[in-house]
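Q: Chain by chain, the residues:
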Amino acid sequence: MRSFWSLLASVVGLATLLVQAKSSSGDSVLVLLDPSLKRDDFSIFFSGLEEKGYDLTFRSPKDEEPVVIKDDYPQFSHVIIFAPETKSFPKDITPQSLVDLLSKDTNLLLALSPKQTPLTSLASEFSLITPPPGTPLVSHFPERDTPATVIPVNVSHTSPILTPGLPPVWFSGVPFALGTNPLLVPILNAPPESFATDSLGDSDADVVIEASEKGGEGLWAGSQLGLVAGFQPAGGARATWVGGVELFSDEFATKEVSSGVKSGNEQFAADIASWTFQESLVLRVDSIDHHRLNETAPREHYTTNDQIVFTTHISRYNPKTSAWEPYSGIQDLQLEFTMLDPHIRTALPPVPGKPGAYSVTFRAPDRHGVFKFVVDHKRRGWTHLHSSTVIPLVPPRHDEYPRFLSAAWPYYTGAISTSIGFIIFSALWLGGSESKKGKGSKVE
Amino acid sequence: MAVAYSLPSDVSPATVTNTRSLLRIIALALISGAAIASRLFAVINFESIIHEFDPWFNYRATRVLASEGFYEFWNWFDPTAWYPLGRVVGGTIYPGLMATSGVIYNVLHALHLPVDIRNICVLLAPGFSALTAWSTYMFTKEMKDESAGLLAAAFIGIVPGYISRSVAGSYDNEAIAIFLLMFTFFCWIKALKTGSALFGTLAALFYFYMVAAWGGYAFITNMIPLHSLALILMGRYSSRLYVAYSSWYAIGTLASMQVPFVGFQPVRTSEHMAALGVFGLLQIVAFAELVRTHVSSKQFQSLLYASVIGMGILGAGAIIGLTYKGWIAPWTGRFYSLWDTGYAKIHIPIIASVSEHQPTAWPSFFMDLHSLVFLFPAGVVMCFRQLRDEHVFVIIYAVVASYFAGVMVRLMLTLTPVVCVAAAIAFSSLLDTYIEPTEPDVADDSSGKIAETAPAVDAASSGSSTAVSASSSTAKKTKKAPTAPPSVSAVAAAMTPSKKGEKPRGIFGLDTRFIVLLNAVGMLLFFVLHCTWVTSTAYSSPSVVLASQNPDGSQHIIDDFREAYYWLRQNTPENSVVMSWWDYGYQIAGMADRATLVDNNTWNNTHIATVGKAMSSSEEVAYPILRKHDVDYVLIIFGGLLGYSGDDINKFLWMVRIAQGVWPDEIQEPNYFTPKGEYKVDDMASPTMKNSLMYKMSYYRFPELFGTSQAIDRVRGQQIPKAGTTLDYLDEAFTSENWIVRIYQVKKEDILGRDLKSANAFAQGKKRKRTKPPVRRKATV
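Those protein sequence lines, which keep their order, are chains B and F. No gaps in the numbering here: position 183 of the first sequence is 183 in UniProt numbering, and each next residue is one more. No gaps in the numbering here: position 699 of the second sequence is 699 in UniProt numbering, and each next residue is one more.
One chain only, chain F, in its complex shape:
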């Protein structure tokens, strides 16, 4: 048989196997190192700091857990959040993340390694990304082989779609959830392949961990039943499936109900009904199979099938009936917004107001996945070629996740692993084909065999090293029968149907191989470059600290947020209450340690609407609301001076909309637009807009900053009227260096019982209009 290049043949199989596993371990270690290292941009460029919003709460909760123990954490009632409603933290969070950090913290301290809890929290996500790489390797190995597994691990290690949620400091549930997701899927596939109750139980345990860690566990809850259902419908029912699913569902559901936040949801809500229904269906099918093995009558079998279908329909009807009766909670609004992207905007503005709930823009697919975007469909198609049970899983996963990723930006995260897996399958097939040294034998009669959709090489190792591949190919040759047909281009084989009597297919010579491989390796290089660039520029900003470039190119740190939060922490009474829009609730609680009215745990729409109403009403209307909620300080974000576009004026319309949802008579969105329907802040702004508390606080004393020249809001590019705004019910307490954070103190009631507007006028020495005595009887003449 002709070969394109010769391989050393005097290596013993044992040496080959050992070398391969050593290289695999080294490759995995390097991938882990790369995964961790690429997530450290945030620490190097800025500092070891917790990022964004939600992580601040997780960090705060972890500190409570680390300092007061698990039971105190479980029973933690936070009186400073959602003042004055308070928040039962233990029962309203997924504690998996905090528990993980707590365990790591305690283990390290037991080993006398006094690591600060903050550093554990900051570095947890990079650490778990290494584990994710490993679990993706295991998962992909089940799909194809080790070389594909290593490729998938390398992909997931540095792909921006996953890095965006797991840079150092991004201490969020997703940090550990993706690892758990992949590992649960791996256990499930393993259980399904082997029919092992052990792996089914393992899947259930990791499912439990996942439930404890992330609300996205519902994805697993529906993926596995969907896969099982697909297999049953494809006629692939087996006792392996029965064992795997039953052990996963029974143990997993019981375990998940131990999480206080989940509680009875697995048996009471629609999201979990698919899993229950498939469980019931499996029992029926299993029973039918059992009966079929004992009964031979054909009529009886058809009767049995009819009854199986009938029972299935009956069960579905029962679930619908229970939902109708209210025993099972219907779908939640968040769920509807997954199907109808316009739903949230109309019915639940609070969900629509979150930027990560918006539909994904097309460029962000390329931004997050780069070349994997077009390798991904190829990988999915390749799954069809073999279509083993586990391939069905990847196909379903790919379809479902693609849809969800298109609907919501944040669900890109669940798409990323399957993209990496599928792309790795495709890419490793490509490498296998082109590195394989055998050439097609022109004279060979059995050319028909070549075009067969032969299974891809099952034991090729990492494609990154030709030497390894070469040795692996030899290993394969020694193992397999020498008559095995050479691997053909898998892609070509998949695309063109095989016809007998065609010319033999394959790759001749080294030059063709080099061209394709060079191209492929180049693509990988560009992928690495892109990932590094995106990670360092786009995804590593803590958003608590902003960076800008000085004219000379050096970095300038804008630290207004922390400046303002520390001012609050050090200059206000400990029991003071700070009102702000809910985005900043967790940060205020975490960094300023003050009570907040609303925060990022948006459980109470009315309370948020109250804040929205206070912000969008005039001072006179807002003041009683502020006093009723014991508000001492109001904090707003204003980007007009610096051009920071994520400020409160830009979010203001959401406040108006959310307030309008609760008080449609008092707050009306059209009032905040100019008669032409524009959203303006200059002198064209509508009177309602100009009188709103938010507008007044944002532009209070702003024109003074510009002296005699015209004041310009750099975010909206509009001129601010020179007259400026006046505040009677609030006092400016603090404005940060770049004016990003402005804090106002709410005045106490006037000591003489006047309204604060006239009290202010009096204090400024304005003459009051002479009042008339109360009307009384007229003197009769």
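Looking at chain B on its own, in the form it has when it is part of the complex:
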């Protein structure tokens, strides 16, 4: 009977979960779609999102409503901008307001195009370096029946963002060079034989080389160019830049890369959307706990050389159940005990048997001051974990120092012998004077 109830409960739970959004940060999505693009052309991608439970709102760049930020509050949890043609956005969507959205924990999925749009200049703020306008990515390999600008790209198998074992995806659009910003997360790189150029014909090869010599930038070519790149701003929001909007189209999703093998586009698009919308690889620090060894309650301050137990609990968001679950999978977590510089930097291993708990015991330095417990874990793709707890480390109280020191025995002996000597002296003196008094009285 009991199992039946629990089964029923889980079925009901699942049913409610199915209609719930999978994202950890909300389910409202604004899609800014160019009039030149038809919504039906991206039906697989959008319906995939809707099936997950997202609430999509479509808006043309020409519309004034609905605004993305109202009264300084973002109105949507996620914003998708598929506007490769739009030269001028409405006044609520500017490069500045998009950065503002990111700082207010709204996720962005942005598509570039070979044309010069306001987004192109925004990309440079994200350390993405775009080639000159009108230079899409071109590759003549492998030989295929599509135009040279429609390229099958092999998917990296090491990125944690993507489903492993994806077949190549179709790409058409503009590449970008990646700057040195550590917040960038490369997701898809260009094939080694591809390059960016404005002339498609084979006959113009000499012109292309000449132009690249003149420009001083060299040829925009090779696997270092990015096609899809994620960005993790400080604060937890995520942004993804995609070189071309066609990546998400139904046409590419259904197109075969080789005979009988469907392209990976559908899954790839779903993967980067779920990463961008904070479904996958989302972590958080649930709690911080510290106390002295053999105690349980935290203290307002610790004494130098105390044995301190530091524990943190980390959860990972599970999009399947839309719930946070304790996560013990981080093997390289570190704890720093810092005052200006880290005085102690030690591994913070997961506690076996306690899911989500990471704990370490260490001896506090022999140095008083205001210290901080710092957990700083930044891995590409994963949510950056940062927690900092201020704790003063104080010298021992007046009654906490050792009472007797073996090194001080000379002083103890001195004090004791003087005391004993004084008593003996007093006794002798008093005794002697008594007898004198006695003599005196006798004389009197």
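One thing to keep in mind: the hints can contain errors.
[Unchecked claim] To list a few chain F residues with every Cβ distance to chain B over 10 angstroms, as calculated: (1) I26; (2) L233; (3) G263; (4) L276; (5) E289; (6) G312; (7) I319; (8) W331; (9) S543; (10) R562; (11) N600; (12) F762.
[Unchecked claim] Computed from the model, here is a short list of chain B residues facing chain F with C-beta under 8 angstroms: (13) I44; (14) E125; (15) A234.
No wet-lab data here; the hints were simulated from the structure. Glycine included, each C-beta is placed from N, C-alpha and C at the ideal position.
Got chain B; can you put chain F on it based on the hints?
A: Just chain F now, kept in the frame of chain B:
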């Protein structure tokens, strides 16, 4: 015998004595009242508020003591001071002041008098000034007599040199320290006079209190040994000296080592070695005296003297050797700066940067002491006339304190008591001489006696009342032999050597007396006027609150400091860290209750230099320093709008110098001057100056205030360039009404990982220059 005026002769001696003591008590009570009242200008003109900088810390510490008890106070670790180093407060302060207020607070509360701890702190200094007057009276009484004592008490009660440190609200260590200083000296003199171990012990106990209260205790630690040494060298060794010194030194040193901040210093540092050395010397001398009484052989005595001297030299050599070996800490920089006034400026700019460590300007002697300045040498000379043991003390004290007062402004405080004592001795001798009714007998043959340097009248009472003096003179006459020579002008006697066969000297008639006395009383009146004026205008400003005059003469209060501190207190997170120059650390901690990087307890030069570097570098250099120290707000003082000259731009060169001391490669003082070597803030200012964080923060948006007209800095009288300064890494958070305090918030790192300068440019809509991709292999053709 002729008298200038007759005195009633039918008063019984007992009545005279009783009246005198009653009048003395009344006079002392009135002096105490005057001493307290003249210190209340600050409360009346402003309000009951803690003044200046250090008192704010003392006040804060006292609150901790009053609310959490002594043990918590003793173990208090303040995590908000010197962030992130923290400060072990219990072990780095002199707790005497706080303990005193704590005791008063608890006693009053035990009596069900719910007095606020702030009012106790504000009124502690005036209260103790009354005690100082009393202890000066006791001290001077030992030197001359009660009338001199009362004069000295009146002097010290209102003399500006002491008031400057003890007005109501000036809750600093000096507030109680001068009382302790005078009382310790009194006990010492008493012990020396009577050879009493009780008074020696009392001196030691008050010495302990002094050690617990003020770092200036080293003055006592060296004055008493110096006095003893002088007495030994003058051949005035006595068992009284031995008992007094030994009991004072043994008990006093052991007691002083109980203060955590002092600890083992009395046996480990050079400042305390004089006391130890004299103690050792006294033992040797005492032993020699003992031997001398038992041995009669002359040769043996000379041998003994040789060995005494030899042992003395050996002891001094041992101390030098220990210092050389590092067992005894050598003199500290502060001590060197006492001998070489240029020393601090070169080696320890942080000491030189404090205005009260500057050499004293001559006018301030008159300002602080008025007519006592020229009575003082006369009093010292009079001490030579009798030259008893205690007079030697006053002479040494006068010489040493005069020197120190000339070197450092703040040491005027230690000079003031001895000036009052010496001036009182001189003045009371003058009054004694001219009030004394007896006239010299022209026909008397014993005129030689008159010119003798007779001891001054020993039982004259207050010179302020002729009636009292008259009665006292009669009392004296009745007591002393009637043949006692009349007192002559003490000054005249001291100046001219006595010669036999000269005309009899003395004062004839009432007119001469009146002229001199009128003059003297007039001088006293002017002294009172001057003291009152100086106190009310110069020394009663809390410096937290400024006052100015409106055009109609009414007072206008400028309250920018408290406005800004309360803004910080109420608008910033409790754990935020405020960076400012160290002068304002205690005030921020006390009034705004926020963590500070550096404060007036300047124990860590490097940390102060770090702040100096941040202030004097460009934004790009300063920002990582600010972030590393978790600075949330930067507070600066800017007087350019109002003409408040004590602002940070005027202190800026000290920041540069102190920073240069630690980072000579990065900060160089000459870079902050114009090519002509001028310190300018207008468009002639050097680029380093213009890019420094301090300059930018001070003049940020300043020209906007002037609209189309030219912006003028009223402190430096220079025109500020119209373009103004830009700030990329800081945001203006608060500017007070008169722009005296400006607070800036440090921006967080950019969310896109850009540097804040380009992030700012982007936010303002500026186009970024197209970046080129990273250089890589060239395509081979």
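Q: Take the shortest C-beta to C-beta distance between A234/B and chain F; is it under 8 angstroms?
A: It holds, given that the least Cβ distance between A234/B and chain F is near 5 angstroms, below 8 angstroms.
Q: Is it correct that the beta-carbon of L233/F has no partner in chain B closer than or equal to 10 angstroms?
A: holds, 33 angstroms
Q: Beyond 10 angstroms from chain B, beta-carbon-wise, is N600/F?
A: holds, 19 angstroms
Q: Find the nearest Cβ of chain B to the Cβ of G312/F and say whether that gap is larger than 10 angstroms.
A: holds, 26 angstroms
Q: Would the least Cβ to Cβ distance between R562/F and chain B come out above 10 angstroms?
A: Holds, because the least Cβ-Cβ distance between R562/F and chain B comes to about 27 angstroms, which exceeds 10 angstroms.
Q: Holds or violated: E125/B as interface residue toward chain F, Cβ cutoff 8 angstroms?
A: holds, 6 angstroms
Q: With 10 angstroms as the threshold, tell me whether I26/F passes as away from chain B on beta-carbon distances.
A: holds, 47 angstroms
Q: Once the closest CB in chain B is found, is it more than 10 angstroms from I319/F?
A: holds, 22 angstroms
Q: Evaluate the condition: distance from the CB of F762/F to the nearest CB of chain B exceeds 10 angstroms.
A: violated, 6 angstroms
Q: Once the closest CB in chain B is found, is it more than 10 angstroms from W331/F?
A: Given that every Cβ of chain B is farther than 10 angstroms from that of W331/F, nearest at about 28 angstroms, it holds.
Q: Far enough from chain B: is every CB of that chain over 10 angstroms from the CB of G263/F?
A: It holds; G263/F is separated from chain B by about 13 angstroms at its closest Cβ, greater than 10 angstroms.
Q: When the nearest CB of chain F is found for I44/B, is that gap smaller than 8 angstroms?
A: Hint violated; I44/B Cβ to chain F Cβ min 32 angstroms, cut 8 angstroms.
Taken one by one, the earlier hints fail for this structure at numbers 12 and 13, listed in ascending order.
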